[in-house]
Each structure stands twice: as C-alpha cells, then as structure tokens.
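With chain A's structure known, arrange chain B on it following the hints.
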Amino acid sequence: MGSRSSHAARIPDVDSIRRETGFSQASLLRLYHRFRALDWNEKGYLSRVDLQQIGALAVNPLGDRIIDSFFPDGSLHLDFPGFVRVLARFRPVDDEDNRNRDPKEPEPLNSRMNKLRFAFQLYDLDRDGKISRQEMLQVLRLMVGVQVTEEQLESIADRTVQEADEDGDGAVSFLEFAKSLEKMNIEQKMSIRILK
Amino acid sequence: MQPLSTACEVQGAWSDSAGPQWATLRMERGAKEKNHQLYKPYTNGIIAKDPTSLEEEIKEIRRSGSSKALDNTLEFELSDIFYFCRKGVETIMDDEVTKRFSAEELESWNLLSRTNYNFQYISLRLTVLWGLGVLIRYCFLLPLRIALAFTGISLLVVGTTVVGYLPNGRFKEFLSKHVHLMCYRICVRALTAIITYHDRKNRPRNGGICVANHTSPIDVIILASDGYYAMVGQVHGGLMGVIQRAMVKACPHVWFERSEVKDRHLVAKRLTEHVQDKSKLPILIFPEGTCINNTSVMMFKKGSFEIGATVYPVAIKYDPQFGDAFWNSSKYGMVTYLLRMMTSWAIVCSVWYLPPMTREAEEDAVQFANRVKSAIARQGGLVDLLWDGGLKREKVKDTFKEEQQKLYSKMIVGNHEDRSRS
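Protein sequences appear in the order of chains A and B.
In case it helps, the UniProt record's numbering puts the first sequence at residues 1 to 196.
In case it helps, the UniProt record's numbering puts the second sequence at residues 1 to 422.
In isolation and in its complexed conformation, chain A is listed as follows (with noise of 0.2 Å):
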C-alpha cells in the first residue's frame, strides 16, 4: 500500500473530470487506485496488455472486444481520465441527474442512449456506424467458440439482422438497435454500482 495519499488532490483534473462523467469524489478515489493497481509497472497509463492479464476479464468471450472500446482510434495507452470516462458509462442512472441537468449541456455519460451506444460498438467491429451481417456473425462466433457451426450461426445472423434491420438496407444502424430494444431496462442491465 505504501504512502499512498488519501487525497484526491492527487488526481489530476480531478474537477473536470468529476463534471464529465458524474462520479462522486469518493467513486473517483476508488477508480484511481485501481488504475494504479492496474498499472502495476507504474508507467503512469495503462496498455492493452494490462487489461489483458486480468484473468476474469480473460476469460470473457467478449474480452477482448471491451479492451477495444478503452482504446478507440487505434490508441495504445489509456490515462486516467480516459479510463473513467468509459466506466462513466456505467454509472447508475440518477434521477438527480435528470431533475438537475440543463438541457443546454451534452447528454450525460450514463445516458440510456449511452449505454446502448456503448454496446452497439461491441458489435460495430469497424466503427463505420453499421452492424453488418458479417460482423453480427463474427460477434457471434467469439461468444458461443467452436460449439455451434458455421450453418447454425449463419441462420443466426441472418434472423437477427432481418428482424432489426427495418430500412431494408441489410444491416442494423444504431437507431434500428436502439429501436429493437425500447423495451429493454437497459438502465438496469448496464449500470454497476460503486460501494463507498
């Protein structure tokens, strides 16, 4: 543990990251000892290879596919305020948040449109904001491994992709995706929440 300071002024930025993504100072300080125990050579940002040996996440067939959302554009370190930016995501929706907000400012983090956005580029292998037949398949395929073939996954896709894909265009967008899972408590599925 060492002496590590207690307080949060050691966090740089820590105002303006509290105003973009919500959390509270206590959250924060939690965040960012687990980012220094992430990066334990302590390079200051976290690499690929570091979320990669969390064995938890290792085993999670879409493990590598979260790494990919931490490192948009093809980045290859990840600072603080870009690591809590992505678990901003995750926040539990507040109704404070809503009763408070000014509709002048950029959606909130944790937005319901956020969090589907989140899982829709889980889909979107190549970010050109469309879910392909080819790409729902390969999604797909790194969920169930070697245990369904390549027929069985095949009629899959294509199901799913019909049953969304409403402009006809065959392919899903984000608004067809959001659409398909209105219904959906996404508030609920996608959020974590941080103990004090």
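Rather than coming from a laboratory, the hints here were simulated on the basis of the structure.
Each hint should be verified, as a subset may be incorrect.
Residues from chain A that face chain B, not an exhaustive set, calculated with beta carbons under 7 Å [unchecked claim]: (1) 30; (2) 37; (3) 55; (4) 56; (5) 61; (6) 62; (7) 63; (8) 90; (9) 92; (10) 109; (11) 113; (12) 116; (13) 181; (14) 195.
Here chain A is said to cover these stretches of chain B; the calculated rule only asks that three of the stretch's residues, wherever they fall, bring their Cβ under 8 Å from a Cβ of chain A [what the hints assert, rightly or not]: (15) 87–95; (16) 403–411.
Here a beta-carbon is modelled for each residue, glycine too, at the ideal position from N, C-alpha and C.
Relative to the frame of chain A, chain B by itself:
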C-alpha cells in the same frame, strides 16, 4: 545464553510497563483470547455484484426486453451481449486476483499513516495520538528491534558455523537445533511478533513436508521458531547468501542454484531424496510460489504434492490491525519491508497446525493440492481461489473461456434443437 534472554525479558518488561497501557492491554487481550473473531475475511469488493449464473441473467435480460411469451424462447437476442459486457467491465473495476496483491484494507484505522486509505482529518486529538504513536514507534521500538535483529542474525551465522565444525552425531544435531531455535526466537522478538500456536500436537515430523500459505518472508521465522525445519529455496547473494551458507553447515537444508530451479525433475529428485531419509528434517515449502496479501489462498503448485510424502498443512493468519505483514515485492525491497515491519505496532498472528494429509489412491497431485489448499483456507478464514498467483505475470489458460462459451452455446443452440423437434 544468559545475556540474551535478559535482553528479551527487558524488551518484554518494557512493553509491559513503560509502553502505553492501552496498546499492550489491547494487544494481549485481543490477540491471545479472541483469535477467531478477529480474523474476519475482508472480501467485500468495491462494486455491488449479484451472484447469478450466466443462464439466469441472460433469461432475465431477455424477459425484461421482450413482451413475447416465454414458452417459445428465442435462440439469440441482441440484448444477450449486455451480460458479457457488464461482466467484463465489472472485472475491470474489481477482480478477485489483482486486489490480493495489495495490502488489505482495514475497517478502522490503527494509527499508522501507511494504512490511511480513505480516512480524512478528523480531530486534533487523533492527530496528536498519531504523532505520539510515531514517536514511540520510531524512537523507542525501532532501535530496540534493530539491535535485537542484528543480535539474532549474527548469532545465527556464528552459531551455525561453529556447530558445523563439530563431527556429525547426536550432539551436533542437538546443538544445531537449539542454535536455530534460539536465533529464530530472538528474531521473533525483534519484530515483536505475538504468535498463537494452535494444535501443536500436529507439528510436522521427520520425512514430511510442511506446507503453508505465504504472505511474507516472516512466515519462515514464525514457523521456524516453533519447530526445526529444513529450508528450501534459491541461493541468494549478499547477506542472505551468507546466512544460507552458514545454516547449511549445521544441518542439511536444500538450497538450489538459480539455474537448477527451472529444472522441475531435478527439484523433485532432490526433494524426494531428502524426504526419504528419515533422519532428515521436515521440509518447509510455500506452494503458492509468491506472496499473497493474506485474504486468500491461491493455487498451489503441484510439485511438492507429487513427491508422495506426508503433508502437514499449516495455516497462518495475520491480524492486520497491528501491522500489515504482506510483502508487496514489486513495491518494496527486502530492507524497506523489514523496516516497515519493525516500525509497526506489532505483528500478531495465529498459526494452526492441521492434521497430516496423504494423497489418496484416486487423487492426482492437482486434486490433492486443492484439498490441502481448501483445508488451509477454511482454517485460516481465507478465501479459497482457483486462480494462479503467478497470474499477475502470466496469461490465463483458454479452457476457462471455453467453459463460458459452452454454457452460452447451450442456451442459443439448445433451444434451436427443441424447436426443430416440435
């Protein structure tokens, strides 16, 4: 031996009378009497988790999003991804393994600034108390402890070298045993380690292997001050090397060269030879292979369990209130670590000697290792983990991932088969 025992008594007497009353009273009362209740495993993570299975959660997700009847459960839903997504991000926020390599958090502060995790400035009185604590620890306890440590180590080196010159025989063994024990006991005093041994009737015997969970190098001193063991380890340079070379003159320990450590067959052969010689001492081994923070027990390496000797498991649990004994080798070197130990209040721990275990006919080494590990975890109140402690440096195997994939495939393809049947 007279002056040395007096030195120990002096230190003991000092802490009984001159030291702050509350500190000693608390130490003795808490440590000696209520050992079991003190050791609550701190396994709360930083995030709220629901312990549901893959199948239950995915069904939940589908149910909440779909208004269609459930008797015709669909094969695959776009929403299934939420399960893996959330589970994955949960592990990034908090996983079972990474947190075992940093010191355990305390539930209430023990006046050591090194364990001040989230406690802020509360009152002037507390700060004054803390300041007083610093004064006592650094100005009174530390010099006394360092003096004792020097005495202990130099006596060990000198004593074992002298005993080494004697001809082999019962007298040499007798002297060697007592030199070892005496020096370890001085070192125990040097750290102010208050140890409670349980079930001493199960102490390891010749020809056996003693296995214990590993938290710090101090584990060795704690066990060796209550029994006479043959040590196993790598040959080091510097002071450790001097100590090792001296010790092996008095009685046979098993030291390996760095190059030999990689050769598993060689290691197994030497250990087997040692164990089969009944006149030789029980071997002391820490099968985790690395220091863990004393909240859990990680995978035991199967090497020591393949040899076929009787295994004597030992559980060691430290009370973190008086001083955190975990050695975070990536953060501190040995000297810094020892200084931190000597400037804590005390090292309070419990040692349980568990009944001996042998490998059963249908078990293989891995199953036997897991059985021993569970017994140790249960006794010490530690979390029994399947993960490998070396995981912090290596990648995990793919078999675990395949299991998850199998479970999920059954959900989406199993349904497909049902439908084609109806």
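Quick rundown of the hints versus the structure:
1. With 7 Å as the threshold, the beta carbon of residue 30 of chain A comes within range of chain B, its nearest partner Cβ sitting at about 5 Å, so the hint holds.
2. For the restraint placing residue 37 of chain A at the interface with chain B, the shortest Cβ-Cβ distance is roughly 6 Å, inside the 7 Å limit, so the hint holds.
3. A hinted interface residue such as residue 55 of chain A counts as satisfied when its beta carbon comes closer than 7 Å to some beta carbon of chain B; here the least separation is about 4 Å, so the hint holds.
4. Because the smallest distance between the Cβ of residue 56 of chain A and any Cβ of chain B comes to about 4 Å, under 7 Å, the interface hint for this residue holds.
5. Interface hint at residue 61 of chain A: satisfied, since its Cβ lies 5 Å from the closest Cβ of chain B, which is below the 7 Å cut-off.
6. Contact between residue 62 of chain A and chain B, as hinted, is supported at the beta carbon level, the nearest pair being about 4 Å apart and thus within 7 Å.
7. Residue-level restraint check for residue 63 of chain A holds (minimum Cβ-Cβ distance to chain B is 6 Å; threshold 7 Å).
8. For residue 90 of chain A, the interface hint holds, the least distance from its beta-carbon to any beta-carbon of chain B being 6 Å, beneath 7 Å.
9. For the restraint placing residue 92 of chain A at the interface with chain B, the shortest Cβ-Cβ distance is roughly 9 Å, beyond the 7 Å limit, so the hint is violated.
10. Given hint, residue 109 of chain A at the interface with chain B, is violated; its Cβ is 13 Å from that chain's nearest Cβ, farther than 7 Å.
11. With its C-beta approaching chain B no nearer than about 15 Å, residue 113 of chain A sits outside the 7 Å limit, and its interface hint is violated.
12. Hint status for residue 116 of chain A: violated, given a least beta-carbon distance of 10 Å to chain B, over 7 Å.
13. A hinted interface residue such as residue 181 of chain A counts as satisfied when its beta carbon comes closer than 7 Å to some beta carbon of chain B; here the least separation is about 6 Å, so the hint holds.
14. Evaluation of the residue 195 of chain A hint against chain B yields a held restraint, the C-beta minimum of about 6 Å falling below 7 Å.
15. Under a criterion of three residues with beta carbons nearer than 8 Å to beta carbons of chain A, the stated coverage of the segment 87–95 of chain B is upheld, 9 such residues being counted.
16. Check on the segment 403–411 of chain B: 7 of its residues sit with their Cβ under 8 Å from a Cβ of chain A, so the three-residue criterion for coverage holds.
The structure is inconsistent with the numbered hints 9, 10, 11 and 12, although it conforms to all the rest.
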